[in-house]
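These protein sequence lines are chains B and A, in that order. Heads up, the first sequence is in full-length UniProt numbering, so the first residue is 1 and it goes up one at a time. Heads up, the second sequence is in full-length UniProt numbering, so the first residue is 1 and it goes up one at a time.
The set of hints was computed from the structure by calculation and includes no laboratory data. All C-beta atoms, glycine included, are put in the ideal place defined by N, C-alpha and C. Some clues are possibly wrong.
Unchecked claim - Computed, partial: chain A to chain B, Cβ under 7 angstroms:
1) Asp64
2) Gly211
3) Glu359
4) Asn381
5) Trp383
6) Gln414
7) Glu484
8) Pro485
As the list claims (entries may be wrong) - Cβ-Cβ distance ranges computed for the label pairs, FRET-style:
9) B:Lys214 / A:Glu329: 48 to 56 angstroms
10) A:Ile271 / B:Gln96: 28 to 36 angstroms
11) A:Asp64 / B:Gly306: 15 to 23 angstroms
12) A:Thr460 / B:Leu104: 39 to 47 angstroms
13) A:Lys27 / B:Gln50: 43 to 51 angstroms
14) B:Ser350 / A:Lys222: 28 to 36 angstroms
15) A:Glu30 / B:Leu104: 57 to 65 angstroms
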Amino acid sequence: MGAAGSKLEKALGDQFPEGERYFGLENFGNTCYCNSVLQALYFCVPFREQLLEYYSSNKSTGDAEENLLTCLADLFTQISSQKKKTGVIAPKRFVQRLKKQNELFRSYMHQDAHEFLNFLLNELVDILEKEAQAAKSDQETSSPPEKMVNGPKNAQANGSHKDPLVTWVHKNFQGILTNETRCLRCETVTARDETFFDLSLDIEQNSSITSCLKNFSSTETLNAEDKFFCDKCCSLQEAQKRMKIKKPPHILVIHLKRFKYIEQLGRYKKLSYRVVFPLELKLSNTVEDAESEYSLFAVVVHVGSGPNHGHYVSLVKSHNHWLFFDDENVEMIDESAVQTFFGSAQEYSSNTDHGYILFYESLGTSNKS
Amino acid sequence: MINTSNGMMSTTSSSNAQSPGLKTYFKTPEGRYKLHYEKTHPSGLLHYAHGKTVTQVTLAHLKDKPAPSTPTAPSSSFSTGSGVRSAAARLLGGGNGSRALSFVGGNGGSKSVSASSRVGSLVASSSSSSTSTSNFDGKGTYLIFNVGDAIFISDLNSQDKDPVKSIHFSNSNPVCHAFDQDAKDGHDLIIGLNSGDVYSVSLRQQLQDVGKKLVGAQHYNKDGSVSSSRCTSIAWVPGGDGAFVVAHADGNLYVYEKSKDGAGDSSFPVIKDQAQFSVAHARYSKSNPIARWHICHGSINSIAFSTDGASLATVGRDGYLRIFDYSKEQLICGGKSYYGALLCCAWSMDGKYILTGGEDDLVQVWSMEDRKVVAWGEGHNSWVSGVAFDSYWSSPNSDGMGETVMYRFGSVGQDTQLLLWDLEMDEIVVPLRRCPPGGSPTYSAGSQSSHWDNALPVGTLQPAPIMRDVPKISPLVAHRVHTEPLSGLMFTQESVLTVCREGHIKVWMRPGVSESQSNNSETVLSTSLKEKPLSSGKVGSSSYKQ
């Protein structure tokens, strides 16, 4: 773990952030999908801090059963408590646990980083909810740890759950979308809320994330075979539908739908479109004028021309420096290098490194002067 | 090249060069703009150049003869956008008797300009050049553009796609350039490099030379001795007597004087606060650069002088537009984008408005009078990379004095589109727009709430406006002009020029100009072409693909 580490340390010099660790992750055969997402999550500071906090408070209660959450907490603790500032760590236990847990990730095939992120976040939430339930039944009287604060407003968000729990995973990643459908006959607007951990956006060639978000929230007309059952009219009616963001998440994860199923081919194809993403972003497709600004802090990049092979790397912003994580390797890069991962304006291009998952953190509500 | 797999592409992705989706004209209320010429670079360069640099274009007009003793009139160099510098506007009103075309400083050219008179002037200028076959004086209008490690020079009025000259740089890539129409001492072209190095040369001398290297150049900031940060934007100071400024990616702007030897020691004090504006002057009178302006944290992406040279606008990575009193070296006013970096800026000819474009996909109209954003143009689907006022546009209803002044401006974006806009100040105040004939979507405008009118003291920067507070305008025309993301646009009297990042330039003739002129100018210019030293630029075949 010498050369690369010391090079990075040299590059940062006395600007090396106090207490920060930059460790590469060993690849166990096509586990770059996992490594790239783990790095993005590690440098999602509020998430990391809460996970480490969970780990330290959980350790004291005696060793619980191993699960994906404990493995992740273990790994993050291992990284953050390293004596050296840089180096390589093998996320062996985590990867083993992941493969045990989900057969999808068991093979040595190329996996989808977004699917992994999705699986991981949901798994963490499940584990936390189960723990909370266990704690609740253990001691009925005491109040459950993290009860929803503004209950009635979002209560139905999770549908089946009687009493949805807001874990720290939710607090970081969960946002609420509202699906507004307006019946064109009676003009009644039906709003249905749904929660999300990330937004999956359709992409177009030579467009921006701003434009993709606009399209995501654009009005869609339901007609012909796709009519809407209006409760008021008690019949199928033409309607207009649009998705708006009711509650913007603290960490906004945007997934670009680069892998598209092409019916004529009967398989998936990678879209290498150039989709530019700004380092700062505001959501304009919100229910209320939120105007809160987000700042980009991590990008998971898919390298390769097809969906079934290739490589994942990640770009991470830590203490105002941009770092490039490629499994074991960690390098410092210039902020302007981020734009080399936008995609290709032409299909034939030899550039195959494309931004795939974007992580933005809210900077809090902006100036309301 | 790889055309085997298009069937499955969605409609928006048909971006191959042969794309049938690209039309060779676009309609406006005043008529059709037609694709007249295309300019490009030898195709062999493409793979090397692809994505490495962003092409910018400078328009340069070389006059009849080398005039070493030009009176020091206010210089003509002014910028029209991030990707494009124009120095040619004034040449049309330069007091040359044969060119009686009035070029009104305010807003737009006179309506009396007719196609025939323009052709006449072209003929006149071209034919006179044929007299000097042996001693080629390079007279004409040229496009100077950078691709990869080279600067290319094309004849604007020639139908030839390929450049007449290429200049290769061995040390670094040229990234920005500017031309001074009225330069003294021959050096009229300045070039900024990726390495931070800067050169000044005589354009005519380059055209006369047959080699592929820069000749007779003065070298500033040699090997990054003053700043090794990438040059981002360069401009002659209008009326600055050979002074020019170079903006860098580290947030600094250096002031040079071309008459001075670049060798003098120029060291500047360490910048204490990266976020604070400060100006430092060189300690020795022989030093060049003579001053450093630290403008912002992060890159300065584009700069533009007002036509009179009194004010300098900068836009940068931090999302702020800043306007400085150039001679006083003071910040006058400025404001933040909605979000993200600003990439380009341009002044109106009368100095009343500044356009900016950036990473929030918006075209922003800044009013110098109100010292705030007065309109947001919505219509691009990606970042806005070039903005420019059409200074030749005359509003159809601007006959009487005191009427609403209408401005025409254009913008280009990484969405490969050219958008044209009308700005009528009445509409801004009462921001409900009539439906544009193009059928583009109209946006309802925000309320003119009272906190809009707060006048701010000199030197303060405005925070990002709130979406609902800013009136929105919609484009008159939106046209996909290239297959690649665009980097700039420029208006000339006859045409609109668009340029893409990869170095392809399209010349769109204004309505009513193209038919009558193309025939004439082609014949005239084909004769003058023969006299030009063609060898250097003609590397690739003319059948350029993609």
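Hints, one by one, checked against the model:
Using the Cβ-Cβ criterion of 7 angstroms, the hint placing Asp64 of chain A at the interface with chain B is not satisfied: the shortest such distance is roughly 41 angstroms. A hinted interface residue such as Gly211 of chain A counts as satisfied when its beta carbon comes closer than 7 angstroms to some beta carbon of chain B; here the least separation is about 31 angstroms, so the hint is violated. With 7 angstroms as the threshold, the beta carbon of Glu359 of chain A comes within range of chain B, its nearest partner Cβ sitting at about 4 angstroms, so the hint holds. Below 7 angstroms, beta-carbon pairs count as interface contacts, and Asn381 of chain A has one with chain B at about 4 angstroms; its hint therefore holds.
Below 7 angstroms, beta-carbon pairs count as interface contacts, and Trp383 of chain A has one with chain B at about 6 angstroms; its hint therefore holds. Residue-level restraint check for Gln414 of chain A holds (minimum Cβ-Cβ distance to chain B is 6 angstroms; threshold 7 angstroms). With 7 angstroms as the threshold, the beta carbon of Glu484 of chain A comes within range of chain B, its nearest partner Cβ sitting at about 5 angstroms, so the hint holds. Checking Pro485 of chain A against chain B by beta carbon gives a least distance of about 5 angstroms; that is within 7 angstroms, so the hint holds.
Checked against the hint of 48 to 56 angstroms, the pair Lys214 of chain B and Glu329 of chain A fails, with Cβ atoms roughly 41 angstroms apart. Between Ile271 of chain A and Gln96 of chain B the beta carbon distance is about 51 angstroms. The supplied range of 28 to 36 angstroms is therefore violated. Between Asp64 of chain A and Gly306 of chain B, the C-beta spacing of about 59 angstroms breaks the proposed range 15 to 23 angstroms. In this structure, Thr460 of chain A and Leu104 of chain B break the distance hint of 39 to 47 angstroms, their C-beta atoms being roughly 56 angstroms apart.
At about 57 angstroms, the CB distance of Lys27 of chain A to Gln50 of chain B disagrees with the hint of 43 to 51 angstroms. Distance hint check for Ser350 of chain B and Lys222 of chain A: the Cβ-Cβ separation is about 34 angstroms, which falls inside the suggested range of 28 to 36 angstroms. The beta-carbon spacing between Glu30 of chain A and Leu104 of chain B, approximately 60 angstroms, falls within the hinted interval of 57 to 65 angstroms.
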